[in-house]
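Student: Residue numbers (the working numbering), protein chains in the order written: chain F, 1 to 343; chain P, 1 to 130.
Hints are computed from structural coordinates only; laboratory data are not their basis.
Keep in mind the model is a prediction, meaning the values are calculated, not measured.
Glycine included, C-beta positions come from ideal geometry on N, C-alpha and C.
A hint or two may mislead.
As the list claims (entries may be wrong) - Pairs of lysine to any residue residues, derived as SDA-like cross-links and limited to a Cα-Cα distance of at most 20 angstroms, are as follows:
#1 P:31 <-> F:206
#2 P:117 <-> F:320
#3 F:177 <-> P:87
#4 P:60 <-> P:47
#5 F:341 <-> P:100
#6 F:162 <-> F:68
#7 F:338 <-> P:98
#8 F:340 <-> P:100
#9 P:53 <-> P:71
#10 F:341 <-> P:87
#11 F:75 <-> F:52
#12 F:338 <-> P:122
#13 F:144 <-> F:198
#14 P:78 <-> F:316
#15 F:144 <-> F:206
#16 F:340 <-> P:87
#17 P:117 <-> F:321
#18 F:340 <-> P:92
#19 P:31 <-> F:316
#20 P:12 <-> P:38
#21 P:31 <-> F:32
#22 F:338 <-> P:94
#23 F:338 <-> P:100
#24 F:177 <-> P:77
#25 F:338 <-> F:198
#26 P:31 <-> F:124
#27 F:338 <-> P:71
#28 F:341 <-> P:96
#29 F:162 <-> F:70
#30 F:338 <-> P:93
#31 P:45 <-> F:323
#32 P:78 <-> F:173
#33 P:117 <-> F:120
Unchecked claim - According to the in silico footprint, chain P covers these stretches of chain F (three or more CB under 8 angstroms from chain P):
#34 194-208
#35 309-320
#36 333-339
Said to hold, decoys possible - With beta-carbon atoms standing in for the labels, derived distance ranges:
#37 F:310 <-> P:50: 23 to 29 angstroms
#38 P:5 <-> F:282: 56 to 62 angstroms
#39 P:72 <-> F:310: 42 to 48 angstroms
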Amino acid sequence: MSLSDKSQAVADFIARAAGTKTATVAILNRLGGGAIQENWAIDVAVADGPQAGQYEAVLRGDAVSGIAESWPRAKEYALIAAAHAAGVTVPQPLWLEPSGSVTGRPFYVMRRAKGIAQGRRLLRSLEPEAGDALAQRLGAELAKLHRIRPAAAPDTLSFLPKVGSDLIAVRAAHYRKSLDALPEPQPVLEWAINRMEDLAPPIETIALCHRDFRTGNYMAENGALTAILDFEFSGWSDPYEDLGWFCARCWRFGAVDREAGGIGTREAFTAGYESGTGQSVDDARLRYWEAIAPIRWAIIALQQGERHASGQEPSLDLALTGLRAIECDYDLLAELPKLKKGS
Amino acid sequence: MLPRPGAADLLKMAEQGLQDHVVGTLEGEAKYHTLMALRAIAIAKVELEEGVKADTAELKRIQALYDEPLGDLAAARKRLAADIRARRFEPGTPREVRLLDLLTATTATRLRAVNIKYMVRRGRGAESAV
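Sequences and hints are given; from them, build the entire structure.
Tutor: Structural data, given as structure tokens:
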């Protein structure tokens, strides 16, 4: 998607959505990150009406190709709006264009957060104490998101598939189906999925989970959180999935000793979460979800590689992402044998 | 096929040229894309040098697990994945230990080719786990 020649169309859409006659849009640049979506920095001015003002914003639209697990923009907009309403630090969602008639693909506009998202850059910018404080804050933010439960969820989230105590069986079936859609067999992942089923602790709670809550998917400025991003995979799940995903070795960006996202200690992260929930984190449950996290990341990485290999979206970045599944295989072979049943 | 210099030599020279004359002059997106290209070259070099040998070794390992001919590597991998899914390697049995040895050896070979640094940081964790 190139926006450079579509600023007037976007401005006209925003004017309509904001209930005014005139809006102006300046397209600044495409933002880094977002392997599946395209993010553009834009400046918006709304002349009058209830949303009059200047907006430093991001236009987030679908990329040329995607992967099956990723929600389309309208659904991601509903998820980010629900998180925003629950007090989670996310960019304020502003306007949704679900039809694709304005730029050729659906998009939404949200406030632009300041700071760094890119994992390795963020890690380099943090002193250990600041990293622990950020990990603690992220734990507390996650607790806010997990307060959204199926029984009291807004109607806008009714599209989310319901899950229950059979979550692991459902997940295993989904993963196997995903593997069947890939061109090459994956013996390590087949073995890991079996172990995921065999070692699963009972599911006790279902909440709205980010499902890609990790370093790289939030922004921080001077060590302070400015926004949690990328709700394209969110859905109902066991809250421990988010805790385990954040701590998984594959998301520490080389800082393997800083177990919470490569930025801080596991203790700081769980303390933040506990401060938000008022309940102790079950370490064994967290470690189960942490150990199985590479299964899902490997499948996503393979699907990304296939976007390139199939010719849908030729990209060296996607091709190399596909090869990252080998790192996940290695992690699974190293970590899963250490887990005990119910731990 | 090409006379000397061969594909491996060409890749080596391309890699050297980018490292010595290009990377240091770049910033931002251009540097990012050049580093990605260098990574791809490094992986392709290992594949050219060791890919055939690694595939042969993997097929031998799978055949040893079954003690019967399984056809080519693609067929052997397919059979192995299907049998794992069908739970024909019961956890905690000597057969599963042999399976894990096989999977670990194959994965370690692949990881050495695509990201040996990851393995170094891991301290060869998977090999010590089985």
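Student: Determine for every hint whether it applies to the structure shown.
Tutor: Hint by hint, here is what the structure shows:
1. P:31 <-> F:206: Outside the cut-off at roughly 44 angstroms; violated.
2. P:117 <-> F:320: holds (15 angstroms)
3. F:177 <-> P:87: It holds: about 17 angstroms lies between the C-alpha atoms, which stays within 20 angstroms.
4. P:60 <-> P:47: holds (18 angstroms)
5. F:341 <-> P:100: Measuring from Cα to Cα gives roughly 18 angstroms; hence the hint holds.
6. F:162 <-> F:68: OK: residue 162 of chain F and residue 68 of chain F at ~18 angstroms, within 20 angstroms.
7. F:338 <-> P:98: holds (17 angstroms)
8. F:340 <-> P:100: Holds: residue 340 of chain F and residue 100 of chain P sit about 17 angstroms apart, inside 20 angstroms.
9. P:53 <-> P:71: holds (17 angstroms)
10. F:341 <-> P:87: Holds, because 17 angstroms separates the two Cα atoms, which is no more than 20 angstroms.
11. F:75 <-> F:52: Outside the cut-off at roughly 26 angstroms; violated.
12. F:338 <-> P:122: Holds: residue 338 of chain F and residue 122 of chain P sit about 15 angstroms apart, inside 20 angstroms.
13. F:144 <-> F:198: Between residue 144 of chain F and residue 198 of chain F the Cα gap is close to 31 angstroms, so the pair fails against 20 angstroms, i.e. violated.
14. P:78 <-> F:316: Roughly 27 angstroms between the alpha carbons, so the hint for residue 78 of chain P and residue 316 of chain F is violated.
15. F:144 <-> F:206: With Cα atoms ~14 angstroms apart, residue 144 of chain F and residue 206 of chain F stay inside 20 angstroms; holds.
16. F:340 <-> P:87: Satisfied, since the Cα-Cα distance of roughly 19 angstroms is no more than 20 angstroms.
17. P:117 <-> F:321: Since the Cα atoms of residue 117 of chain P and residue 321 of chain F sit roughly 16 angstroms apart, the hinted pair holds (cutoff 20 angstroms).
18. F:340 <-> P:92: holds (12 angstroms)
19. P:31 <-> F:316: Measuring from Cα to Cα gives roughly 14 angstroms; hence the hint holds.
20. P:12 <-> P:38: holds (10 angstroms)
21. P:31 <-> F:32: holds (13 angstroms)
22. F:338 <-> P:94: holds (17 angstroms)
23. F:338 <-> P:100: Given pair residue 338 of chain F, residue 100 of chain P holds - Cα atoms ~13 angstroms apart, limit 20 angstroms.
24. F:177 <-> P:77: holds (18 angstroms)
25. F:338 <-> F:198: OK: residue 338 of chain F and residue 198 of chain F at ~13 angstroms, within 20 angstroms.
26. P:31 <-> F:124: holds (18 angstroms)
27. F:338 <-> P:71: Measuring from Cα to Cα gives roughly 34 angstroms; hence the hint is violated.
28. F:341 <-> P:96: holds (17 angstroms)
29. F:162 <-> F:70: holds (17 angstroms)
30. F:338 <-> P:93: holds (16 angstroms)
31. P:45 <-> F:323: Distance of about 15 angstroms is within 20 angstroms: holds.
32. P:78 <-> F:173: Holds - the C-alpha atoms of residue 173 of chain F and residue 78 of chain P are around 18 angstroms apart, at most 20 angstroms.
33. P:117 <-> F:120: The given pair, whose Cα atoms are some 15 angstroms apart, holds under the 20 angstroms limit.
34. 194-208: With 3 residues close enough to chain P, the hint holds.
35. 309-320: holds (count 4)
36. 333-339: With 5 residues close enough to chain P, the hint holds.
37. F:310 <-> P:50: 23 to 29 angstroms: Holds, since residue 310 of chain F and residue 50 of chain P (Cβ atoms, about 27 angstroms apart) stay within the stated range.
38. P:5 <-> F:282: 56 to 62 angstroms: Given range 56 to 62 angstroms: holds, Cβ gap about 60 angstroms.
39. P:72 <-> F:310: 42 to 48 angstroms: Violated, since residue 72 of chain P and residue 310 of chain F (Cβ atoms, about 23 angstroms apart) do not stay within the stated range.
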